[in-house]
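A.B. asks: For reference, the chains in residue letters:
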Amino acid sequence: MTDIDAPPALLGAADEQGLDARLVVDRGTFRLDVSLRAAPGDVVALLGPNGAGKTTALRALAGLVPLSEGHLRLDGTALERIPPEKRPVGVVFQDYLLFPHLTALDNVAFGPRCHGTGKAEARAQAATWLGRMGLADHAGAKPRRLSGGQAQRVALARALATRPRLLLLDEPLAALDARTRLEVRSQLRRHLAEFEAVAVLVTHDPLDAMVLADRLVVVEHGRVVQEGTPTEIARHPRTDYIAQLVGLNLYRGEADGHAVRLEGGPSITTTEDLTGPVFVAFPPVAVTLFRDRPTGVSARNLWHCEVAGLETHGDQIRADLTGEIRLAADLTTAAAAELDLHTGAPVWATVKATQTHAYPA
Amino acid sequence: MTRTARRTRRMLPPAGVGVAALLALSACSHSDGATPAKADSSRSAAPGLSGTVTVFAAASLKESFTTLGEQFEQQHPGTKVAFNFGGSDTLAASITSGAPADVFAAASPKTMSVVTDRTDTTSAPSIFARNQLEIATLPGNPGKVSSLKDLTDPGLKVVLCDRTVPCGAAAQKVLDTGGVKVTPVSYEQDVKAALNKVELKEADASLVYRTDVKSAGGKVRGVEFPESKDAINDYPIAPLKSSKNADAAAAFIALVKSPDGQKVLSRAGFLKP
Amino acid sequence: MTGPKQPVAARPGGGGPRRPRVRAVRRGVPVPLLVPGLLALAFLLVPLLALLVRAPWRSLPSQLTSTEVWQALQLSLISATAATAVALVLGVPLAWLLARAEFPGRGLVRALVTLPLVLPPVVGGVALLLALGRNGVVGQWLDAWFGITLPFTTAGVVIAEAFVAMPFLVISVEGTLRAADPRYEEAATTLGASRFTAFRRVTLPLIAPGIAAGAVLAWARALGEFGATITFAGNFPGRTQTMPLAVYLALQNDPEAAIALSLILLAVSIAVLAGLRDRWMTGA
Chain A
1 MTDIDAPPAL LGAADEQGLD ARLVVDRGTF RLDVSLRAAP GDVVALLGPN GAGKTTALRA
61 LAGLVPLSEG HLRLDGTALE RIPPEKRPVG VVFQDYLLFP HLTALDNVAF GPRCHGTGKA
121 EARAQAATWL GRMGLADHAG AKPRRLSGGQ AQRVALARAL ATRPRLLLLD EPLAALDART
181 RLEVRSQLRR HLAEFEAVAV LVTHDPLDAM VLADRLVVVE HGRVVQEGTP TEIARHPRTD
241 YIAQLVGLNL YRGEADGHAV RLEGGPSITT TEDLTGPVFV AFPPVAVTLF RDRPTGVSAR
301 NLWHCEVAGL ETHGDQIRAD LTGEIRLAAD LTTAAAAELD LHTGAPVWAT VKATQTHAYP
361 A
Chain B
1 MTRTARRTRR MLPPAGVGVA ALLALSACSH SDGATPAKAD SSRSAAPGLS GTVTVFAAAS
61 LKESFTTLGE QFEQQHPGTK VAFNFGGSDT LAASITSGAP ADVFAAASPK TMSVVTDRTD
121 TTSAPSIFAR NQLEIATLPG NPGKVSSLKD LTDPGLKVVL CDRTVPCGAA AQKVLDTGGV
181 KVTPVSYEQD VKAALNKVEL KEADASLVYR TDVKSAGGKV RGVEFPESKD AINDYPIAPL
241 KSSKNADAAA AFIALVKSPD GQKVLSRAGF LKP
Chain C
1 MTGPKQPVAA RPGGGGPRRP RVRAVRRGVP VPLLVPGLLA LAFLLVPLLA LLVRAPWRSL
61 PSQLTSTEVW QALQLSLISA TAATAVALVL GVPLAWLLAR AEFPGRGLVR ALVTLPLVLP
121 PVVGGVALLL ALGRNGVVGQ WLDAWFGITL PFTTAGVVIA EAFVAMPFLV ISVEGTLRAA
181 DPRYEEAATT LGASRFTAFR RVTLPLIAPG IAAGAVLAWA RALGEFGATI TFAGNFPGRT
241 QTMPLAVYLA LQNDPEAAIA LSLILLAVSI AVLAGLRDRW MTGA
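Taken in sequence, the protein lines are chains A, B and C. With UniProt numbering applied, the first sequence covers 1 to 361. With UniProt numbering applied, the second sequence covers 1 to 273. With UniProt numbering applied, the third sequence covers 1 to 284.
The reader is advised that the hints may include incorrect statements.
[Claimed, not checked] Label pairs and their computed distance ranges (CB to CB): (1) C/Q140 / B/T183: 18 to 26 Å; (2) C/V31 / A/T180: 43 to 51 Å; (3) A/G134 / C/L45: 51 to 59 Å; (4) B/S50 / C/R58: 26 to 34 Å; (5) A/T322 / C/P182: 46 to 54 Å.
These are computed hints drawn from the structure, not numbers from a lab. The structure displayed is predicted, hence computed values, not measured ones. Beta carbons are placed, not taken as given, at the ideal position from N, Cα and C, and that holds for glycine.
Whenever a hint applies, use it, and build me the whole structure from the sequences.
C.D. replies: What follows is the structure, encoded as structure tokens:
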């Protein structure tokens with residue numbers, strides 16, 4: 001099923017140019033089996049919870065972990081048996097791993113030097129890269145003098161300086177604080193957009209993935225569970241994990257026309273007209289709460305629930321509801337106060353059919 | 001001799017004495033005119049001997065003294081002889097620093113004098129054995145060394161003891177009197193180290209004591225040379241003041257000087273005093 | 001697997017400038033640490049102080065002008081430095097193998113490396129004679145093929161000292177390597193560096209403080225080495241007589257001279273070690 005989400009147009013191209021890989025890494029208790037295809041210029045994000053095997057996949061692409069099975073072709077060349085230092089692959093590590101004893105310039109020049117470029121030429125190239133990253137002033141700084149965002153850009157410059165055909169980024173923004181993250185994310189997006197070869201990034205942050213990548217590959221328990229453009233995935237999540245990531249209530253049920261009967265639960269009325277197994281999704285903001293059973297409400301989806309928990313998200317409060325149906329509801333702090341919401345409080349929840357979205361499972 | 005008297009007073013001689021000890025001790029009196037009184041007292045005291053005698057002895061005495069220690073223990077059941085073998089200087093230094101010992105047997109009067117200078121001995125040391133140098137060569141003497149002069153052959157690797165230790169001083173003396181100038185490859189820290197170098201075939205020749213050549217068995221060949229007479233080494237022995245077992249100490253010294261003791265020593269290569 | 005990891009690199013210079021330079025807050029030192037700590041200090045220093053107290057200050061000048069003393073001191077410094085160099089050239093790669101390479105029996109090899117630490121040095125010297133002596137297992141071939149005999153030579157002194165001192169370096173460097181983040185080597189590899197280049201250009205600079213510490217330990221051990229040296233290399237002034245040998249032999253008939261020589265050796269080693277330490281503490 002998941003293959004359907006891969007744009008068929010890419011398949012042919014990947015055989016010649018770009019990345020075509022099936023990465024199988026067997027570690028006894030854990031088995032990674034992930035297929036990846038990408039054309040030059042693509043930015044693919046491997047998205048998944050911790051322990052899903054994303055980093056292992058990245059290390060397998062870099063050659064730092066041997067493949068147990070599968071294949072790895074880049075621009076038509078088989079890489080499985082090529083040692084990491086001979087692969088045209090650049091890596092931006094999660095904590096950058098800038099060499100602490102070298103200046104920013106020498107860190108960036110390290111790759112070209114290893115590829116046989118003369119010292120002066122390598123440093124000139126490195127200076128160009130740093131300039132492109134807006135770091136010309138920091139060329140002589142040792143990594144420990146750089147801010148997180150600067151270090152991230154030096155790491156990117158260092159990886160790009162070897163002119164890789166595959167750029168790998170492991171949690172590129174995870175080591176940054178929230179504010180820097182925002183700024184670096186947009187810069188990184190720009191640099192990735194300029195990058196002409198394949199870029200694969202690993203993240204557990206859906207926002208990073210959606211902002212930076214053209215295509216998401218969601219990995220859970222070592223397998224690809226869904227794959228597609230950020231919009232597709234956000235609109236049509238196929239697992240609880242993804243639904244939570246994109247902030248949707250997700251249900252699986254049997255559709256019969258506009259009504260979807262959930263497994264062991266109530267029905268949801270939707271606008272779509274479907275039959276057979278479907279997913280139904282709606283965002284928490286679409287839910288309206290009442291303390292008393294509402295009268296004259298047009299919503300046909302009305303459930304009696306109980307507040308199981310409350311969490312603050314910015315100026316919003318997310319209520320975790322149980323009862324007839326389990327769902328998340330977002331409301332303003334003012335509304336929450338007015339409703340006198342507290343754990344255990346009985347509430348009525350409604351969702352307009354127009355705000356739900358059903359799609360075949 | 002006041003001590004001897006006191007000792008006699010303390011000891012009650014029961015009958016049925018170790019005959020071997022008696023013989024050995026009385027025989028000793030023939031060879032040394034100064035000892036009859038002591039031998040007599042020892043004879044009467046012998047049955048009462050007990051406890052441990054601690055003997056600090058020069059390393060070259062190891063084999064012969066170990067044998068004598070066993071004899072002593074047999075002759076005086078209930079006694080035990082504990083040895084501390086080592087370089088005479090080191091031993092002398094430990095004694096003057098208060099190491100518990102009953103008897104000191106040194107490889108040179110000079111080291112003994114370190115102890116006597118501090119009046120740590122109860123009676124004057126007496127010479128019980130003598131040693132002289134020999135050339136130790138590899139088995140079969142491939143370097144054809146037959147005289148002191150042969151050691152000057154530049155093709156030979158010669159090790160000598162360092163001048164600061166007795167065998168080195170003796171070696172220097174014979175070389176000087178012989179008018180021979182030897183350039184060794186090493187000045188070893190003691191005679192055993194020098195001998196070891198020849199035993200391991202790292203050196204071709206060394207000047208060591210007769211006793212050392214004997215103790216090495218077939219691993220080295222000894223070559224005698226006339227100049228060795230000029231540097232004969234006296235081995236003095238003395239009881240120590242700090243002794244807690246003076247009678248047994250005296251008895252052990254007597255055994256060393258007895259004909260039996262001398263036989264053991266000469267078997268090890270020592271000369272009679 | 002993807003949780004944020006902090007790089008756990010060997011921090012050069014024991015923390016370097018990243019360590020906040022806050023004035024140490026004066027807090028009470030716990031007595032259970034203070035008392036044994038001070039006792040340990042006294043235990044280490046009192047014997048050295050005793051040397052100073054009993055030093056024959058009057059005869060010291062004459063010792064200092066003796067050529068034999070200078071020869072011995074010079075030889076000690078040269079051979080200890082050469083032994084440290086040997087230990088570095090051979091020991092650092094061995095430490096890398098022990099820390100990074102996977103091979104069967106690695107635990108056993110690691111234990112064997114530390115063996116010279118527990119071996120009495122004199123036994124080490126005998127073992128060296130049996131191995132590298134003129135008649136030794138390896139030495140007889142050195143002699144037969146190249147005409148090289150090591151005993152009784154300065155080279156022999158260096159070998160004896162390196163034999164005893166190298167384990168200190170290997171253990172110290174291996175420990176630093178284990179603490180260092182191997183991912184720096186991986187990072188270098190993804191940039192096109194061979195494993196050796198990664199070692200030379202990344203790992204080596206990262207573990208430099210550990211290597212330096214190991215080298216200092218090895219140098220100090222080599223400088224004080226006595227048993228293996230005198231057994232393997234013998235004792236000949238100017239060629240194989242190092243300071244510890246001179247001290248030992250002086251002790252045989254002139255303890256005062258021995259104390260004087262010991263003081264000279266102590267003074268020189270303190271000067272060198274203090275100098276190196278200052279340089280490294282501020283330089284890294």
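A.B. asks: Does the hinted range 46 to 54 Å hold for A/T322 and C/P182 at CB?
C.D. replies: Hint holds: Cβ distance 48 Å, inside 46 to 54 Å.
A.B. asks: Is it true that C/Q140 and B/T183 lie within 18 to 26 Å of each other by Cβ?
C.D. replies: 25 Å, holds
A.B. asks: Do the Cβ positions of C/V31 and A/T180 conform to the proposed distance bound of 43 to 51 Å?
C.D. replies: 46 Å, holds
A.B. asks: Is 51 to 59 Å a correct range for the gap between the Cβ atoms of A/G134 and C/L45?
C.D. replies: 57 Å, holds
A.B. asks: Honestly, do B/S50 and C/R58 meet the 26 to 34 Å range at C-beta?
C.D. replies: 50 Å, violated
In summary, the one numbered hint that this structure violates is 4.
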